[in-house]
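**Q** The primary structure of each chain is shown beneath.
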Amino acid sequence: MNSPLNSVVYFQIGPVPITQAILTTWGIMLVLVGAALVLTWRLTLRPGKRQAAIELIVDMLDTQIRETTGAEPAPYRAFIGSLFLFILTANWASLLPGIEPPTAKLETDAALALIVFASVIWFGIRGAGVRGYLRSFAAPNILMIPLNILESVTRVFSMFVRLFGNVMSGVFVIGIVASLAGLLVPIPLMALDLLTGLVQAYIFAVLALVFIAATVEDGQPDAEIPLKKKET
Amino acid sequence: MDYLRLASIVCAAFAVAFGALGPALAEGRAVAAAMDAIARQPEAANTISRTLFVGLAMIETTAIYCLVVALLLLFANPLLT
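From first to last, the protein sequence lines are chains A and B. Quick note: the first sequence uses my numbering, first residue 3, plus one each step. Quick note: the second sequence uses my numbering, first residue -4, plus one each step.
None of these hints come from the bench; they were simulated from the model. All values derive from a computational prediction rather than experimental measurement. Ideal Cβ positions, reconstructed from N, Cα and C, are used throughout, including at glycine. Each hint should be verified, as a subset may be incorrect.
Distance ranges between label pairs, derived from CB positions [unchecked claim]:
| no. | chain 1 | residue 1 | chain 2 | residue 2 | range |
| --- | --- | --- | --- | --- | --- |
| 1 | B | Ala15 | A | Ala73 | 30 to 40 Å |
| 2 | B | Ile4 | A | Ala73 | 48 to 58 Å |
| 3 | A | Val35 | B | Leu1 | 47 to 57 Å |
| 4 | B | Asn72 | A | Ile144 | 41 to 51 Å |
| 5 | B | Leu1 | A | Asn143 | 42 to 52 Å |
| 6 | B | Arg45 | A | Leu152 | 19 to 29 Å |
| 7 | A | Leu152 | B | Ala2 | 28 to 38 Å |
| 8 | A | Ile144 | B | Val49 | 48 to 58 Å |
| 9 | A | Leu45 | B | Glu22 | 39 to 49 Å |
| 10 | A | Arg44 | B | Asn72 | 53 to 63 Å |
| 11 | A | Met31 | B | Phe48 | 24 to 34 Å |
| 12 | A | Ile151 | B | Phe48 | 20 to 30 Å |
| 13 | B | Ile4 | A | Asp64 | 44 to 54 Å |
To spell it out: a stretch of chain A is covered by chain B in this simulated footprint if at least three of its residues, at any positions, have a beta carbon under 8 Å from a beta carbon of chain B; those stretches are [to be verified]:
| no. | stretch |
| --- | --- |
| 14 | 162 to 168 |
| 15 | 204 to 210 |
Please take these sequences and the hints and turn them into a complete structure.
**A** Put into structure tokens, the structure is as follows:
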């Protein structure tokens, strides 16, 4: 049986090996960008069916962001929305025969987690300035600085392992069951896998949002009040 | 008989078995508490279920860690290569 920790290399561009996960990622990127371009082709003030459907998605996203952070959704919409849609499409790519979701490989998840790590710094500095961002490490108390620095790394690592473990175990279990009994038996497991994929995409996006919002909030000048309630 | 190989397989099975035990109990308690809260306050169901999902994912991570350790033992064991 193939190890789920290894990747299949298809060909090489110079010194860079191109694996199946990278090809699938490119495909997903093409589909997402193409769909975004086509669906937002001609936006009007009075929406038709197509535009109403997109507005529904964007509105849902905005509501989630507003309820989670309590802030205006505009600065986070693009990042969180693309994160969610990409992971969702990647997880559900397993529906197409012959395609393995790229999130079931270590590299894709590590890259996504690194993006979240960098975006926490970026949004923290943009929302509260460099001083505010540095102050967010001393958030409840100055004694917490080492723990906060440690936490900023470990929480991203746990996001990485969580996404990888969930998606990979789904693919792995379906592979095992399909090799034992190929006809109709894996279907309930695949349905469960769809649910897991949706929940994991949602959780990845929400956790990224919570980390960003916590950093921005802790960096504000009046953040010394220790009784402030934190959401989620 | 290669005892190192045998021990790896047995330990991988134990890691998954006992690693799933704790999170399963914890998730059961979390869902029960959330159900209780929703029954008391149905209007807060949205907030509660969102927090529940995030919390469940956090709890589940411990089980996933065990799974990853088991897979490392089976497929990428540093002692066997």
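**Q** Now look at each hint and say whether the structure bears it out.
**A** Hint by hint, here is what the structure shows:
Look at alanine 15 of chain B against alanine 73 of chain A: about 38 Å separates their beta carbons, and that is inside 30 to 40 Å. The hinted range of 48 to 58 Å is satisfied by isoleucine 4 of chain B and alanine 73 of chain A, whose Cβ atoms lie roughly 50 Å apart. One distance hint, 47 to 57 Å for the beta-carbon pair valine 35 of chain A and leucine 1 of chain B, holds here, with the actual separation near 51 Å. Taken as a hint, the range 41 to 51 Å holds for the pair asparagine 72 of chain B and isoleucine 144 of chain A, whose Cβ atoms sit roughly 43 Å apart.
The hint said 42 to 52 Å for the Cβ distance between leucine 1 of chain B and asparagine 143 of chain A, and at roughly 50 Å that hint holds. Checked against the hint of 19 to 29 Å, the C-beta distance between arginine 45 of chain B and leucine 152 of chain A comes to roughly 27 Å, which is consistent with it. Checked against the hint of 28 to 38 Å, the C-beta distance between leucine 152 of chain A and alanine 2 of chain B comes to roughly 32 Å, which is consistent with it. In this structure, isoleucine 144 of chain A and valine 49 of chain B break the distance hint of 48 to 58 Å, their C-beta atoms being roughly 28 Å apart.
The beta-carbon spacing between leucine 45 of chain A and glutamate 22 of chain B, approximately 43 Å, falls within the hinted interval of 39 to 49 Å. A beta carbon spacing of about 58 Å between arginine 44 of chain A and asparagine 72 of chain B agrees with the range 53 to 63 Å that was offered as a hint. Our hint of 24 to 34 Å for methionine 31 of chain A and phenylalanine 48 of chain B holds, since their Cβ atoms are close to 27 Å apart. A C-beta distance of roughly 28 Å is found between isoleucine 151 of chain A and phenylalanine 48 of chain B, which places it inside the suggested range of 20 to 30 Å.
Under the hint 44 to 54 Å, the C-beta atoms of isoleucine 4 of chain B and aspartate 64 of chain A, about 50 Å apart, fit the expected range. A count of 5 residues in the stretch 162 to 168 of chain A with a Cβ less than 8 Å from any Cβ of chain B is obtained; the coverage claim is therefore met, three being the minimum. Coverage of the stretch 204 to 210 of chain A by chain B holds. Counting CB-CB distances below 8 Å, 4 residues qualify, and the rule asks for three or more.
Of the hints listed earlier, the one the structure fails to meet is number 8.
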